[in-house]
Amino acid sequence: MRSVEQQSASESAQHRARSGDAAPPRTLLDDTGIRRSLMRIAHEMVERVETPDRLYLVAIPNGGVPLARQLAANLAEIADLDVPVGVLDTTLYRDDLHSTGARPALRRTEMPSAVDERIVVLVDDVVKTGRTIRAAMDALMDFGRPRAVQVVGLVDRGHRELPIKLDYVGKNVPTQAEEDVRLLGLEGGGDAPLEVIIVSAPEAAEPGARGERA
Amino acid sequence: MIGRDLLGIEDLERAEIERILDTALHMSEIGRREVKKVPTLRGRTIVNLFFEPSTRTRASFEIAGKRLSADVINFSPGSSSLTKAESILDTARTLDAMDPDAVVVRHSVAGVPSRIAEVLAAPVINAGDGAHEHPTQALLDLLTVRQEKGRIDGLTVTIVGDIVHSRVARSNIYGFRRLGAEVRVVGPPPMIPASVETLGVKSYTSLREALDGADVVMALRIQNERLSGAYTPSIREYSATFGIDRATLRFAKDDAIVMHPGPVNRGVELSHDLADHRPSVILDQVRNGVAVRMAVLYLFSGRPPREAADREVRP
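Going down the list, the sequences are from chains A and B.
Start counting the first sequence at 1; every next residue gets the next number (our numbering).
Start counting the second sequence at 1; every next residue gets the next number (our numbering).
Looking at chain B on its own, in the form it has when it is part of the complex (with noise of 0.2 angstroms):
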């Protein structure tokens, strides 16, 4: 059974994570029909609340609403004054008394979805919080390598990059572990977690090594910031070192798919003609995020209002 919201891939089941991507599935056969929309969830509303800047996230969540019939709002506080818990929970508890029937959440620090959750009557959806989780992203990388290679049992998932400050990386190695696969993270030093493989995960430092029998090798974002600082390389070193080529890549498995979350540093975390090509799925990813997105909305906005007395603020 599907809980109230959706705060991170940790919280699900295996047959929770597969209800939503057999919904999303059905889902994405509606993105291939002329008129791309079904009443489902016509006169409910949905509430885009991005504290964080997003443009691709937001509209995807915008654009699975819609194809659902659902009125969207998106509200974009901007992070600068709603920085204290305070004045967040008070954006929260005045979109409350709209009434809205699911409310997706989007901000740059770690668990502020599920204190938003503590406060609302509606479902929250996590869309990114930190460097927790986001749990959307891993589900439509789940259903394109379900869809790519049939099964997720048994694969080997390699994450190159930045997963110490990488929500996406954490979302998907919980999603991929619990749906049997093995993960490997690969890495310059200091964005490889120490406590990683309490997760159940092998870390790596040779790409080469980490990149041996590989199924599906998942190149995450560099933010250029987190550059060039004492203990990490520059973008020139990065991309020599953990940059994915088609030379690289034939450490993998002959028939290995190539994943982003986007957007593509081009060059920096895959060449340009990987960016661009198969075996690259990146544009597969994309629409199977509206899909996945669809299947989240359809599956969590269906549950009762949480009762007043659940949800008294804690002090």
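Chain A with its partners taken away, still in its complex shape (with noise of 0.2 angstroms):
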């Protein structure tokens, strides 16, 4: 298996630096692991939902993207689904932007067709206190009045801080606040090998943590 530090070397290079001794990245999910869940999610989607011929994925950037392209593909295999697949950042609807001062970069958003009365289904990568969910969803609705709208997260981690649930979860993974958990693989333009890394704060290492490296 190809290690985190292979696969994105300068990444990993900084959440060295920035946790000091902390224990190293570990893997919470491979790309194998990953295509799995996305292929089991497609399958719970068509299931589920009753009128799929109106689904329409749309993916937070960066994360979600690979996964909403891989999840339409999966859509267009079992169920000959034609899935149209948006972009739609969220940064301009953070509720933290005013508090902070912080004007974070802006990512691409791209609608290609209305929502009015589609199934809507955000996929993100990562969920954690779910604001970003809830930006999503006011974004959203200034393009439309969607008849429903439901959330893919690849990994729930937790820390909910607002009323929101997903409808479809890759995995469920327990972790510390202070951890970091991110999607890695993005960079070559969606043909590199995904993969969920989990990454220890100094304060949240525990001593058995360093020793599960293998």
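Quick caveat, the hints were computed from the structure, so don't treat them as lab data.
A virtual CB, placed ideally from N, CA and C, is assigned to each residue, including glycine.
A couple of the hints might just be wrong.
Chain B is faced by these chain A residues, among others (derived, beta-carbon under 10 angstroms) [said to hold, decoys possible]:
#	residue
1	91
2	92
3	93
4	98
5	102
6	105
7	111
8	141
Build the complex: two chains, separate frames, hints provided.
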């Protein structure tokens, strides 16, 4: 198996720099695991949605984009569905811009078809507080009135701060709030293998966690 | 890192200009939505402080602020009663007490926005000061060229007209040079500043030579009152020598685009035909103006207020 260092040397270097002597990143889901989860979720969608021809996948960038593309390919394969894929940046809808004065870089928004009367499925890589999903729902409403909104989270790591529940989950992972969970492999334009890693923050690192490195 | 105020392109580094352009590119998507509004600056106040009359730039800033959900207040004291520095600063202090999150300033005298920035807690955005700078115009021109050509680096940009009185020319010279373009200026000799080549541009007296191989032709607005003076040509002479039409455009590259900051004196700087049709991109410039100003308001309104100690008025 490819190591984290090989997949994204610069990102892991940043993590190491930030987390000092903390435990090295661990893999939560490798590319095969991610593909398996997305295939299962596609089956669940077809099973649960009464009108799958109305599905519209909307990715939250950057992590949601390759996941939504894969889901669309899976839906085409298993149910012969041609599901549109949109990209919706939530930055301008964040609830912390005012209090922090932060001005994060914007990402692209591309909504290829109208959302009215569609079953819109928001696709995100890692869901924690639920604030990004709240922002995405507000953004979505500016594009019209979907018949329903559902949410896919590849990883649900808990620590919800808003009443948001996921409809489809790749993997539930109990985490410390200070830990960093992220999707790697986004640089290669969608062809690189994906991987979800967890990085311990120094204060969150337990003695036993270091011993897990094999 | 972006500074506190946007006073001129001269102060910006390449990475800062690129960050504003990248932000503007994403902002332009909002203008294509059915609901052209995002909640980003809800509860924020933006003051348009225009001492010099302007409808287009002021409207552009106003739309930009409103698309970001800010409250936009237009304040146009007029320049007549406020020519003295002290009364300008008084006005600025009065506005400051209303706690705006950004103040957009236009004035007919160069340097007024930076003087106001010294006494205001809020970030100041220069919307044009005398013949000094008009940074958001240059940013929207850079964005338009980047969209049309896919890059700025290595392009040849020819600016035609009254360079000496033009803040648009000055800001564009800084901007295009910093992003790696070759910049040429051409116009009647009294309208070309003697020192212009120290800004890294080549100056020409022949339009044909200046256009040779140009990717971008930028015509400036001619102020009628500045023509027909002792040293300058009449309007008819100007348009015969420096007006751009399809015939003169043949000297530029085949895919050259034509720009103008507006409003166009049709038949003077540009032929009637070019004022309305490709390869002129004048309406794209206007559209990009809103996106660039949204980007500027977004990026600059987040700065923490200046400390009181930092803004003691210098005697």
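Hints and how they fare:
The closest approach between the C-beta of residue 91(A) and any C-beta of chain B is roughly 8 angstroms, which is under the 10 angstroms cut-off, so the hint is satisfied. Taken as an interface hint, residue 92(A) checks out: its beta carbon lies about 4 angstroms from the nearest beta carbon of chain B, inside 10 angstroms. Checking residue 93(A) against chain B: minimum C-beta separation of about 6 angstroms stays under 10 angstroms; hint holds. At its closest, the beta carbon of residue 98(A) sits 7 angstroms from a beta carbon of chain B; the interface hint therefore holds under the 10 angstroms criterion.
Evaluation of the residue 102(A) hint against chain B yields a held restraint, the C-beta minimum of about 7 angstroms falling below 10 angstroms. The criterion of a C-beta within 10 angstroms of any C-beta in chain B is met by residue 105(A), whose closest approach is roughly 7 angstroms, and the hint holds. Given the 10 angstroms rule on beta carbons, the hint for residue 111(A) holds: about 8 angstroms separates it from the nearest Cβ of chain B. The interface hint given for residue 141(A) is met, as the beta carbon of that residue sits about 9 angstroms from the closest beta carbon of chain B, less than 10 angstroms.
Hint violations for this structure: none, all hints satisfied.
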